[in-house]
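Listed below are the residues making up each chain.
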Amino acid sequence: VSEPWTLGLAEAACLVRAGELAPSELVASVLERLETVEPLVHAFVSVDPEAALAEARAKDARAGGPLHGIPIAIKDIFDVAGVPTRSGCAARADAEPARQDAAAVAALRVAGAVLIGKTHTHELACGVYTPPTRNPWDTARSAGGSSGGSGAAVAACAAMGAIGSDTGGSIRIPAAHCGIVGLKPTYDRVSRGGALALSWSLDHVGPLTRRVEDAALMLEALAGLDEPLLAPGEDVAGLRVGVLRGAPFAPVEADVEDALERAIASLGDAGVTLEEVAVPALERGLAAEFSIVAAEAASYHEARFAETAGQITDDGIRGLLETGLLLPASVYLRAQRTRRLIQDALAAAFAAHRLDALLAPTVPAAPQLHDQLEYRLGGRQEPVIEALVRTTAPFNLTGLPAIAVPTGLGAGGFPGSVQIAARPFDERTALALARAVERRATPLGVPRGLELATANPT
Amino acid sequence: VNDELVARLADALGVPLSPERRAAAAESLAAQVAAGGGAAPEELDGVEPAVRFEPEPRT
Chain A
1 VSEPWTLGLA EAACLVRAGE LAPSELVASV LERLETVEPL VHAFVSVDPE AALAEARAKD
61 ARAGGPLHGI PIAIKDIFDV AGVPTRSGCA ARADAEPARQ DAAAVAALRV AGAVLIGKTH
121 THELACGVYT PPTRNPWDTA RSAGGSSGGS GAAVAACAAM GAIGSDTGGS IRIPAAHCGI
181 VGLKPTYDRV SRGGALALSW SLDHVGPLTR RVEDAALMLE ALAGLDEPLL APGEDVAGLR
241 VGVLRGAPFA PVEADVEDAL ERAIASLGDA GVTLEEVAVP ALERGLAAEF SIVAAEAASY
301 HEARFAETAG QITDDGIRGL LETGLLLPAS VYLRAQRTRR LIQDALAAAF AAHRLDALLA
361 PTVPAAPQLH DQLEYRLGGR QEPVIEALVR TTAPFNLTGL PAIAVPTGLG AGGFPGSVQI
421 AARPFDERTA LALARAVERR ATPLGVPRGL ELATANPT
Chain B
1001 VNDELVARLA DALGVPLSPE RRAAAAESLA AQVAAGGGAA PEELDGVEPA VRFEPEPRT
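Those protein sequences? They're chains A and B, same order as listed. Be aware that the first sequence starts at 1, since it is given in the working numbering, and climbs by one per residue. Be aware that the second sequence starts at 1001, since it is given in the working numbering, and climbs by one per residue.
Incorrect hints may appear among the rest.
To be verified - To give an idea of the interface, some chain A residues facing chain B are shown, with a C-beta separation under 10 Å as derived from the structure:
hint, residue
1, C14
2, L15
3, A18
4, A287
5, E307
6, A309
7, E322
8, G324
9, T338
10, R339
Worth flagging that the hints you see were computed from the coordinates, not collected in a lab. Here the structure is a predicted model, which means the values were calculated and not measured. Every residue, glycine too, gets a C-beta built ideally from N, C-alpha and C.
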């Protein structure tokens, strides 16, 4: 084995299982990589190398679960026993250590994972910047959010995989910005127990990894599945995929359009039948998403809001919570009814076109600069938060599984990404199609922002 | 939706809203109300709220 940190998660798990790589060797290598790149990307809130190494050594002499000895990072909204959950919020700076693991964390431990640290989240898991984390492709730009620390850590090879949460794109946006895979499973496929909530009815828990097969392995562990989600020779020929191009998936930058075309060509090569699908109801999604998030987040934080409001750094989040507490019930219910309208419209599209999945751009633009508030898209200015969430939120509102997968480097030098959404609980189809895109994409190579660090995997 | 309405609403609901934040809250609330949560009432006639996720299509 060359440098173990260059391996993919599934590849490393295979070597560990075969006795060709010791968990302690793997964890030590990833920790060394972490030490090299962390000053550049600022992905981690806390790392406990001694504990991680001790745990890995204890695993050396025995067999274990499917993630035996695999170093994994945890977004800092999930409880990890003995570690404070600060959720990127100053009001939680003095939080007591958690008494027990969140359900997702416990599932990873049962599978044999070694937890190496907690990653930065945008404050209260509500935003798309995640300061102080930097994008490994260009440290002047954001890694996305809210699971930006998890995205940057995985892209920089400072963890083999990570978990995040996705309420309106918070797994898929950092995955797209950082050039990795992000899987938002079907709603409630993975337990939200022990995690900070943003919006109970929209929050999803899932993995961020470098490869599609790694995401499948992590989801199997997180959801406690007995059967593998990806078979080695699984064929996608004959599947039918609807391509979403209209609003809210337009306007997009030229590189994003190119990425979509590459994915269409890749799936066509693999024998997939593609057709354009229009679902006008999706245009109503952004308003519904923001109303539901405002009302549910405000209610979740209401008991502590009087004491914590002044410590919320992001003025937009404070405003969202204040607005949510004042929002008329009629608006919230109209949003939930709009959501049903969208769910039914997508279900009708699946049925009418006999679709197995949908394909769309993950995000409409390249990663934003740390202080950039607007994109210029389609000839007009658009707030970054609205642009990034309008393409991802439809699959939070519908609860459908959706995976973001890289399509190669764009002309602008940033990774391209498309998302593939499937029917409820059919992550298997989404993963198989994502792997078909991945296999035909040019490997991304070295993230530009990490040129100072040592060699990267291709 | 104006500062005074927001202040009175916040007071009635027990929402901590300092005077200097009233204008921003009024602006944000006005935007949310104008967006109306998505679809118009007439488009939603007969549509039940999605208070629970239902994996099976209802159509």
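Hints and how they fare:
1. C14: violated, 33 Å
2. L15: Since the shortest Cβ distance to chain B is 37 Å, the answer is violated.
3. A18: Not OK, violated: A/A18 not within 10 Å of chain B, min 38 Å.
4. A287: holds, 4 Å
5. E307: With Cβ-Cβ at 9 Å, under 10 Å, it holds.
6. A309: holds, 6 Å
7. E322: holds, 5 Å
8. G324: holds, 9 Å
9. T338: Check passed: Cβ of A/T338 comes within 3 Å of chain B, closer than 10 Å.
10. R339: holds, 4 Å
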